[in-house]
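Work the whole structure out from these sequences, hints included.
Protein sequences appear in the order of chains A and B.
Counting in my numbering, the first sequence runs from 1 upward without gaps.
Counting in my numbering, the second sequence runs from 1 upward without gaps.
Don't take each hint at face value.
Intra- or inter-copy, both count: the list cannot distinguish identical chains.
[As the list claims (entries may be wrong)] Straight line, CA to CA, 30 angstroms or less: simulated DSSO-like cross-link-like pairs of lysine-lysine:
id, residue 1, residue 2
1, Lys32, Lys119
2, Lys32, Lys20
3, Lys20, Lys33
4, Lys119, Lys20
Rather than coming from a laboratory, the hints here were simulated on the basis of the structure.
2 protein chains.
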Amino acid sequence: MTAKRSYNITALQRGLELLKLFASVEGGLSAKKVGLLSGLPVSTVHRFLANLESSQFLKSDSEGVFHLGLSCITLGQAAHAQMDIRRISFPFLQELNQRTRETVHLTMRQGLTAVYVEKLDSPEPLRIHSRIGSSVPLHCTAVGKVLLAHLLEPELEKILRQLELRRFTENTVGSIQELQTQLVRVRRDGFACDLEEHEPHIRCVAAPIWNHAGQVNASLSVTGPLVRMPTTRIRQIAPLIREIGIRISHELGYGKAERPLPKRGDSISARSKIPTESKSRRAVTS
Amino acid sequence: MTAKRSYNITALQRGLELLKLFASVEGGLSAKKVGLLSGLPVSTVHRFLANLESSQFLKSDSEGVFHLGLSCITLGQAAHAQMDIRRISFPFLQELNQRTRETVHLTMRQGLTAVYVEKLDSPEPLRIHSRIGSSVPLHCTAVGKVLLAHLLEPELEKILRQLELRRFTENTVGSIQELQTQLVRVRRDGFACDLEEHEPHIRCVAAPIWNHAGQVNASLSVTGPLVRMPTTRIRQIAPLIREIGIRISHELGYGKAERPLPKRGDSISARSKIPTESKSRRAVTS
DNA sequence: TTGCCGTTTTCATAGAGTGAAATTACGTTT
DNA sequence: AAACGTAATTTCACTCTATGAAAACGGCAA
Chain A
1 MTAKRSYNIT ALQRGLELLK LFASVEGGLS AKKVGLLSGL PVSTVHRFLA NLESSQFLKS
61 DSEGVFHLGL SCITLGQAAH AQMDIRRISF PFLQELNQRT RETVHLTMRQ GLTAVYVEKL
121 DSPEPLRIHS RIGSSVPLHC TAVGKVLLAH LLEPELEKIL RQLELRRFTE NTVGSIQELQ
181 TQLVRVRRDG FACDLEEHEP HIRCVAAPIW NHAGQVNASL SVTGPLVRMP TTRIRQIAPL
241 IREIGIRISH ELGYGKAERP LPKRGDSISA RSKIPTESKS RRAVTS
Chain B
1 MTAKRSYNIT ALQRGLELLK LFASVEGGLS AKKVGLLSGL PVSTVHRFLA NLESSQFLKS
61 DSEGVFHLGL SCITLGQAAH AQMDIRRISF PFLQELNQRT RETVHLTMRQ GLTAVYVEKL
121 DSPEPLRIHS RIGSSVPLHC TAVGKVLLAH LLEPELEKIL RQLELRRFTE NTVGSIQELQ
181 TQLVRVRRDG FACDLEEHEP HIRCVAAPIW NHAGQVNASL SVTGPLVRMP TTRIRQIAPL
241 IREIGIRISH ELGYGKAERP LPKRGDSISA RSKIPTESKS RRAVTS
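Right, dumping it as structure tokens:
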């Protein structure tokens, strides 16, 4: 169903799938378990494990249990270091961190989740636990809603169809309808909130970051415990975070080129350059 | 080629190779450049890039330049978090860091290089620059020499044959002969030094970490600027770092079961020279 | 010993991946 | 505008690769 040709290289896809499998479990896996979890025949699994090990993406201990290997660390490090949105955002995140004294996150979408790409802890003793590289759902986090809200229409539809709105707290959004209403508001206001929708006692505010092509691939957020985040404070933080989002966007080249920059919400129709999007760029009202 | 059967899954190997290629350059690559650097035909490259992108290991920007993607970050993070030698070593590294007030590293071998797996900065204003995930040569670093010194004979031979002894400074070891002499000394003394052999003005001391099977897969080191690392200080640090290496080793199960695992003498001899564990298990010094 | 269970290897075969070449897209020059 | 050049993308017939059922192996326990 992927619009594209059957460009698939099964062997490669399987290998990468296995790596992701290993990333998702604690404490490694035996060949047997890999077979079970992946649904592949043991012999095939065995061959893959041998291959992944020879390139150091996996490492087997003396009990025959495989773990992620050093190449993964090297690769992750390189990816992290190269990600220039991160490098560029960093000083701004620091500023936001100092001015709010709360945990700040830089996030990007990966499929149906949002991944923390950078993080700065609150200086306060009461802190939020999170980790760079870990991922959170889109429908009940501030960063997630920002990312959703600025997707192009066709993409958004596809994603919404796939999302399962797991309820984490009693505040978690319950229906696509409701979510879409929120997204309209997010686009209009230029920021999104998470009011204990993902974790109890945790509230967040997030704003979009536009890249040079006018797309929103990243968002930044301020996260704090309920006690420090009453509505009044959120109202103070919102404009700040939105502004910093815009400043990062400019740094990334947003609005550099000859065309005007749409101030809020809607991502700019990435002119004829990007072929895939045909007509719709209008806001997703309803 | 590996001694093993031709278990090779070319498609997978190529894909992983490409990922490593991307990890080794700054600022992404176009399909063309990938073709050039990898020696693969463009059409093949294209197919691979499409596959890697669909699984988020790569990401292409609007200019058609590919970069490492979010999956790499997720994977790297997972690998880092799972690596239990790192988790176990951490408190010991902290202790070493506090007691020496210098940068400490935890390192593992990856092929012909040593990879930083964990790092703690010196509290002093004059610091060493390094990054988790990056790699350094084996022949001219303290950590590298430790890892080499405790390889099993056949493996060591293979590696030595492959090493090219690039000279980084005028102190860099110039011949395999000389290197082997050093390795003997490293095995005998239980630590290795790097006296400005890799970077000018930088000196290191490193000691081995044994795993439960009695193998040395990791080493830890103290690194400092020449001005703070006169020979007398190195002589002070050496026993300390060696002892901490041994304590980590015990934590990893080294010497638990009587598992002799016969090996060409070398690392056995190392075992016999382990000084009796000092009384203070968690000593914190002023 | 025998049986069990997981790992490792084998091997005939299907079909997946290949890459030269054609096509398309885009930017630059004439 | 047209012609050119470069790079991205797609095609397609062929080959060799990856596949996975099955068998062999190895360790462990009863």
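Comparing the hints with the structure gives:
For the homomeric pair Lys32 and Lys119, neither the shortest alpha-carbon distance inside one copy (37 angstroms) nor that between copies (35 angstroms) is at most 30 angstroms. In this assembly of identical chains, Lys32 and Lys20 lie within 30 angstroms of each other by CA distance both inside one copy and across copies; the values are 17 angstroms within and 28 angstroms between. Taking the closest pair of Cα atoms, Lys20 and Lys33 come within 30 angstroms of each other both inside a single copy (14 angstroms) and across two copies (27 angstroms). For the homomeric pair Lys119 and Lys20, the shortest alpha-carbon distances inside one copy (22 angstroms) and between copies (26 angstroms) are both at most 30 angstroms.
The structure is inconsistent with hint 1 alone, although it conforms to all the rest.
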